[in-house]
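Participant: Chains as they are written, first to last, in this note's numbering: chain L, 1 to 96; chain A, 1 to 96; chain Z, 1 to 96; chain B, 1 to 96; chain U, 1 to 96; chain P, 1 to 96; chain Y, 1 to 96.
Check each hint, because a few of them may be wrong.
[Unchecked claim] Cut-off 27 Å, straight-line C-alpha distance, at most; resulting in silico cross-link-like pairs (DSSO-like, lysine-lysine):
hint, chain 1, residue 1, chain 2, residue 2
1, A, K77, L, K14
2, P, K14, Y, K77
3, U, K14, Y, K70
Read the hints as simulated data drawn from the structure, not as lab findings.
Listed below, chain by chain, are the residues.
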Amino acid sequence: MSSITPLGQRVLVKRIEADEVSAGGIVLPDTAKEKPQEATVVALGTGGKNEDGSDFEFSVKVNDVVLISKYGGTDVKVDGVDHLILQESDILGIVG
Amino acid sequence: MSSITPLGQRVLVKRIEADEVSAGGIVLPDTAKEKPQEATVVALGTGGKNEDGSDFEFSVKVNDVVLISKYGGTDVKVDGVDHLILQESDILGIVG
Amino acid sequence: MSSITPLGQRVLVKRIEADEVSAGGIVLPDTAKEKPQEATVVALGTGGKNEDGSDFEFSVKVNDVVLISKYGGTDVKVDGVDHLILQESDILGIVG
Amino acid sequence: MSSITPLGQRVLVKRIEADEVSAGGIVLPDTAKEKPQEATVVALGTGGKNEDGSDFEFSVKVNDVVLISKYGGTDVKVDGVDHLILQESDILGIVG
Amino acid sequence: MSSITPLGQRVLVKRIEADEVSAGGIVLPDTAKEKPQEATVVALGTGGKNEDGSDFEFSVKVNDVVLISKYGGTDVKVDGVDHLILQESDILGIVG
Amino acid sequence: MSSITPLGQRVLVKRIEADEVSAGGIVLPDTAKEKPQEATVVALGTGGKNEDGSDFEFSVKVNDVVLISKYGGTDVKVDGVDHLILQESDILGIVG
Amino acid sequence: MSSITPLGQRVLVKRIEADEVSAGGIVLPDTAKEKPQEATVVALGTGGKNEDGSDFEFSVKVNDVVLISKYGGTDVKVDGVDHLILQESDILGIVG
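Using the sequences and the hints, build the whole thing.
Facilitator: If you want it as structure tokens, here you go:
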């Protein structure tokens, strides 16, 4: 099986399809505004350094369900399944 | 019940509908300019670090009533109720 | 009575109407250029930190009469009276 | 008599009319390019801090004759006389 | 044989043609969005310094298979073969 | 005679007319691209501080012949002669 | 013979004409994308300081053959020969 290690402060996430969203859970609004979407964190990036020279630490961890902007990041397929690579700073929040 | 922990210096707020605004309270101006709106802080973000390496501290706390720009942030529904995730720096002020 | 505490380095000011400007005082020019306007400082923001980690200190204080750009900031009504929330750095000067 | 204390690194200047320019002195070019103009420094701003935390020091002083861009800054009238508030960094040079 | 040492934090990569992508591996999505592409790292740049004065260290190494944006970087031919010079920060992730 | 002390990291230069350029010297290209022009440094600015708090030092000195972009800076006349005030960082090089 | 010392972190380079490119060497791609071009480093700039106050050191040296973007920098003629002044950071790589 293939794997991707995102570079720097990026993360690899797998979108959760709308019909997988749990009842009573987070539902996407149907307005025309930018819509966030749920996704599962699959892999954290290589991290690197903060501007003050200290090690960057991710605020999310693998298997976290996160809210992401619908239009950010770059689509990639891993073993035929849609994934997304995006900067951690583009994650809006952690669900659960 | 679902919950969201905003990432970094973001906060999760719940809009206060116009007819909920107390008499004699803060009323939105009816001009065409950018209109602020009242909202209640529901959750603070994970915070993280300031540029000088110290811990970021939020100036607002849960249950604060805040003024926010009408057009900023990203709409999300939590258990069917409209909420908004926005950067704390986009909050104009605290009411009360 | 309602009150607003501006967030960060913002201040809350109340515009001084043109006919309130004292004779011999600061008068707005009638050119088409950006026009400054007099206002009274009503409340200082929560302040926060400078980039070097020291506490931010406001250069204006409550009741100062200040010159502000006519087009900056965000209008809010407090108890039915027009006010404005703006960054202190958008204040041009202190009158008096 | 009214007075203005500019905020931060701004200065208050009074334009010198073209026919006040001394013979053999600095004359504005008549090209279509951005034209500098002579002005007298009337008041220095509140100053504040440099990015490294040290006190900001003005390079100009009151009564200096300076060259300023014709289109920068904000016009204000002080006791009926045209003045200009601008960032010190927008002053091109000191004359004399 | 010719060689190129990229300057600073750039890397030299050689694209992997689509039909070289291993079965079950990373496949480019067929949407209209920005498409990442696989490439092999051929040479690392001269590196240089981080903003805090410490030595910059590459997160990728020669022979790594990486995902790159299809539209970033600058094409160069080395001994008649298409290569690409790009900033390491424009590499999305490491495959494998 | 009048004089100008440029503010900060600016310099005052006097253009060298095309027919003053020495034979075998630097000749402006006749393409449509941005054209550099020779000028003599007449006065250095007040200097000021670098971002790290150390004193800024000019790399050019009075009487240096320099290459400048044809379209940068601000024209001023000193005693009826065309001069130019520009940031030292907009000087391309020193001739000779 | 005339010479130019580039200011700051700029370098002076002399383009290598296409028919001078060695067989089996770096050949410019014939696509419509931004095309790099070979050039020889003729002179390094005055250098100056990095943001952390340390001395800037060039990564290229005189006589290096470098790849440069076809559209960057400013053309100058030195003794009638086309040269180019550009920031070192706009050099893509060193050939050989």
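Participant: Evaluate each hint against the coordinates.
Facilitator: Consistency of the hints with the structure:
{"no.": "1", "hint": "K77(A) / K14(L)", "verdict": "holds (21 Å)"}
{"no.": "2", "hint": "K14(P) / K77(Y)", "verdict": "holds (21 Å)"}
{"no.": "3", "hint": "K14(U) / K70(Y)", "verdict": "holds (21 Å)"}
Hint violations for this structure: none, all hints satisfied.
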